[in-house]
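J.: Listed in order, the protein sequences are those of chains A and B.
Using numbering that gives the first Met the number 0, the letters of the first sequence map in sequence onto residues 0 to 164.
Using numbering that gives the first Met the number 0, the letters of the second sequence map in sequence onto residues 0 to 402.
Honestly, the hints are just simulated from the structure, not real lab data.
Where hints are given, some of them may not hold.
Stated by the list, open to error - Quick list of the computed label-pair ranges, beta carbon to beta carbon: (1) 331(B) to 3(A): 19 to 27 angstroms; (2) 142(A) to 242(B): 30 to 38 angstroms; (3) 54(B) to 20(A): 18 to 26 angstroms; (4) 123(B) to 12(A): 37 to 45 angstroms; (5) 12(A) to 86(B): 42 to 50 angstroms.
What the hints assert, rightly or not - Not the full set, but computed from the structure, chain A residues with beta-carbon under 7 angstroms of chain B: (6) 1; (7) 5; (8) 8; (9) 9; (10) 11; (11) 14; (12) 15; (13) 19.
To be verified - Which stretches of chain B does chain A cover? Using the computed rule of at least three CB atoms under 8 angstroms from a CB of chain A, they are: (14) 149-161; (15) 320-327.
Just so you know, these numbers come straight off a predicted model, no measurement behind them.
Ideal Cβ positions, reconstructed from N, Cα and C, are used throughout, including at glycine.
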Amino acid sequence: MIGAFVKGLSTTFKYLFRKPVTVQYPEVKRPVRERFRGRHELKRFENGMERCIGCALCAAACPADAILVVPAENDPQKPNSPGERYAARYEINMLRCIFCGYCEDACPTNAIVLEHQYELSFFERGSSIYTKDMLLIPADKGHGEIPPILQQLDRRPSPPAQIDL
Amino acid sequence: MDWIYIIVLIVKCIIITLGATTIFAYFTLFERKTLARMQNRIGPNRAGYIPLPGGRKLLNGFLQPVAEAGKLFFKEDVVPLMADKWVYILAPAFAVIPAIIIWATLPLGWWPGPWQDNWLQVADIDVGVLYILAVTSLGVYGLAIAGWSSNSKYSMLGGVRASAQVISYELALGLAVLGVVMQAQSFRTSEIVAAQQGMWNIIPQILGFVIFLVASTAEVVRSPFDLVEAEQELVGGYNTEFGSMKFALFFMTEYIKLVAMNAVCAMLFLGGWTFPGLEIGGVVATGLNGALGQMFGQAVFGIITLVVFLLKTFALSFFAVWIRATIPRTRYDQLMDLGWKVLLPLALVNIAIIAVTNVAFPDNTLAVAGVGFVAGIIVLAVVTSQTKSSKPKSQVTLVRKTS
């Protein structure tokens, strides 16, 4: 019993002289892992066009029903996104979001991505609604070519997915 | 005895009380910092620091106790609806007052005053040790009535449990102290310190020292015997229904009592304020009196002895923190087993050893110390080797077969 006792005491005493491993959070921020799911971002293509084509698949995939997408037709002269439509409104209710990443999986254009920002506190319930302005990245931060299937703006629009019978 | 004496006495009481509460505040900080370092963390480091050149910070977080006190004062003070209001309000006071008045009979050093007394001791009474034991056991009333008056079943159970624990360890504690009293042949604390000028009691009474250390840890409901703070089973123990400053008073009680018990331990077993060379009429005292004159010499000697005493108390307090960082909480049945089946018989054996050695070798300090030390170590070794380690997991039947 004495042996175990002394061993325990010496173990704790040893740590007294070791450098603490604590990260001093507000001053020092430890980088998160690549797969970490933090705050959402709406991405753009390299030429600055929005990747979101307003298909609302993310909203359909969301198990917590946190995403609202209101699509609108693109103006052919000055399109917001390649393809027919874009998201006129795109909102995420952060009180409901469970950071499952299903929206990422559902998105055909990789427009919505859960990035590494994790400081998400707010003081009012109203601030929990993240709007498109907050989510969309700056125009010069886009990446990737527009896929050919989305470059068919001159063709006659195909009928919408949900046809009113 | 004139009125100046009374005023001096009152001032001494105020200083002791303020000192004890300040020690409590900074002991919590010390404990949190040390525990943090032992667990590879940093601990409180936000409130207050002394800036050093090069962006370094000295004494990180030294204002933490002040911040906490301020916060506690502004917290809402809730009294449960059906609680016995006056008892409920008085319970923290019942707990904290005994913790503070323990300090009254402790000789914190040796600085002779003008009334044949000691500046560094409030009351040098004939039954000093008895007083300390009586006052430490009074603390149990605070716990018991706090648990009862809250009108909560959890608090009630916590209070009952706390009082059972404190009373169980009272016996072993008293018997461990009895050994010291037998050897010094006095209940007077100053005489107990004086009796240790040749040899500290820890050598002839190593067994008593160990018993005292364990029993006092349990007495002040301190880790690993902190069953009173049973978050899992009892929500929080006897202080569940207490908030704001009333809770802080219970917290304060535990810490002041811990430091006070360490001071008592230093006084009983580690020679109090004495140190090799430091004694009444010793080399240092005579040298100081010769070099600085009687008055200043005594003052400097007094401060040195005070520092020595505080250092001994600090060393024991550090040990208490160290133990808290190392040993997990015991189970309640283990606690009771240890108290009644191990410590109490051991304390009786200790008394027997001291009685025999002191009668067999009268006036021979070395022989008493040698025999007492060897006997104590042997008893400790035998007892600790008797403890069975728990069954290996592979041999435990997890599900009993029913056929």
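J.: Hint by hint, which ones does the structure fall short of?
T.: Per hint list: 2, 7, 9 and 14 violated.
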